[in-house]
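*Asks:* Each chain is listed here by its residues.
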Amino acid sequence: MTDSNDDLWPDLTGDPDVKSPLLILREQAAKLGAKTSNIIEAEVTANPSEDEFLQVRLILKAPALNGYEYVLLSVNQPIESYPAYLADEYDSKEVKDEQEFKTSLEKLFKSDRTVKIINSLIAQSKHAA
Amino acid sequence: MITFLFWNMKQTKRLDILSRLVRDFNVDVLMLAENALGVTDVLCELNTSKAADFHYNTGLCERIDIFSKFTLAQVTPLHESKHITIRHLKPPTTCDLLLVAVHLSSKLHQSSESQAFEITEIARDIIRMEDKIGHKRTVLVGDLNMNPFETGLVTASGLNATMSRKIAEKKERTVNTRSFPFFYNPMWSLLGDASHGPPGSYYYCKSEHVAYFWHMFDQVLLRPDMLPMFQNNTLKIIDRVGGLSLLNNNGIPDKNISDHLPVLFQLTC
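Top line first, the protein sequences correspond to chains A and B. Using my numbering, the first residue of the first sequence is number 1, and each one after it goes up by one. Using my numbering, the first residue of the second sequence is number 1001, and each one after it goes up by one.
Okay, chain A solo, but in the shape it has when bound:
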């Protein structure tokens, strides 16, 4: 039996040691803008899905190309942040923790395909200006 003054909750301070995919992607999105003089910007969207995951996407945007968008990647992030599922070309790859997520992200960002897409958008944006 509890009375109204009882506090049954534990101490809740958040877990500063774990960065979620959403947070990491927001940080990386800001860095891309700085790296390209905002010719290409990145937006991170997050929408709840029906299976209790958060669908997080990183979308490249080219303001000079009438706001053209390219969805670079998507991540299914659970409430506990990890393991998350990073979508690659054909399927979702499970990433078990922050370090593995960052490693996979770096690989994807530095892939020939991603570099080609960003360089193409920069070139077209400069041409359009």
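For the record, the hints were derived by calculation from the structure and aren't laboratory data. Hints may be right or wrong, so weigh each one.
[Stated by the list, open to error] Quick list of in silico lysine-lysine cross-link-like pairs, PhoX-like style, CA-CA up to 25 Å:
| no. | chain 1 | residue 1 | chain 2 | residue 2 |
| --- | --- | --- | --- | --- |
| 1 | A | 126 | B | 1090 |
| 2 | B | 1170 | B | 1136 |
| 3 | B | 1171 | B | 1206 |
| 4 | B | 1010 | B | 1206 |
| 5 | A | 61 | B | 1090 |
| 6 | B | 1171 | B | 1090 |
| 7 | A | 61 | B | 1136 |
| 8 | A | 110 | A | 126 |
| 9 | A | 19 | A | 126 |
| 10 | A | 126 | B | 1132 |
| 11 | A | 102 | A | 35 |
| 12 | B | 1090 | B | 1069 |
| 13 | B | 1171 | B | 1136 |
| 14 | B | 1132 | A | 61 |
| 15 | B | 1013 | B | 1069 |
| 16 | B | 1236 | B | 1166 |
| 17 | B | 1107 | A | 93 |
| 18 | A | 107 | A | 31 |
The hints should help you fit chain B onto chain A, whose structure is shown.
*Replies:* Chain B in isolation, oriented as in the chain A frame:
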């Protein structure tokens, strides 16, 4: 009148068949998935007349190629990913449209549930792009790797695609206080033997308990605002071009050409 053709070519190098399809059906907008032909080869083949009608409407979606009688400025990419390209089609003499071309992940790589969740993101993207250009004259075409009756196609937060023109004309439906715009899916009318043409656009048979044999993975969906511009009898699954059948002796798609059949339709916009 604009004639559209979508074909998942499954890497076939049969440029002669592609060329014949475009010429025989007087195609204006050609959308290809799994195209292994070079862009210049296709352009040279399609532009043999003096007019050089066809342009390659370049984009960053690696799973779809678009060739059309419109310049890139008239088929502007608005939103793309590996699987989808959303274009603002602005024909010079008629009203503008939103053209969504897709080639979604195969069932070999994603479960039906995952496909359905992916579709909800695509549905949101389409609505955002419609808001951006200020109308809902939208047509979606492509290989969805799902049948018209699967969850991703019919669920409200997915494509919300109904088999009935009359229902689609209601424009939207409300679920738990939220409104979702309809698509009309005319492909339902082409399922099975009683329709004109083959029973589906793709054939797949595996020795397991649940088997549909024929599938309708290649589809055309239209927003209600497009319905006055679309007549169902212009929608066809093509199984023969000139004297050549795209089916084998068993009456299923000839895998030496492609395991998918082309889909043709017209819009009077």
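*Asks:* Run the structure past the numbered hints and jot down the numbers of the failing ones, going up.
*Replies:* Failing hints, ascending: 3, 9.
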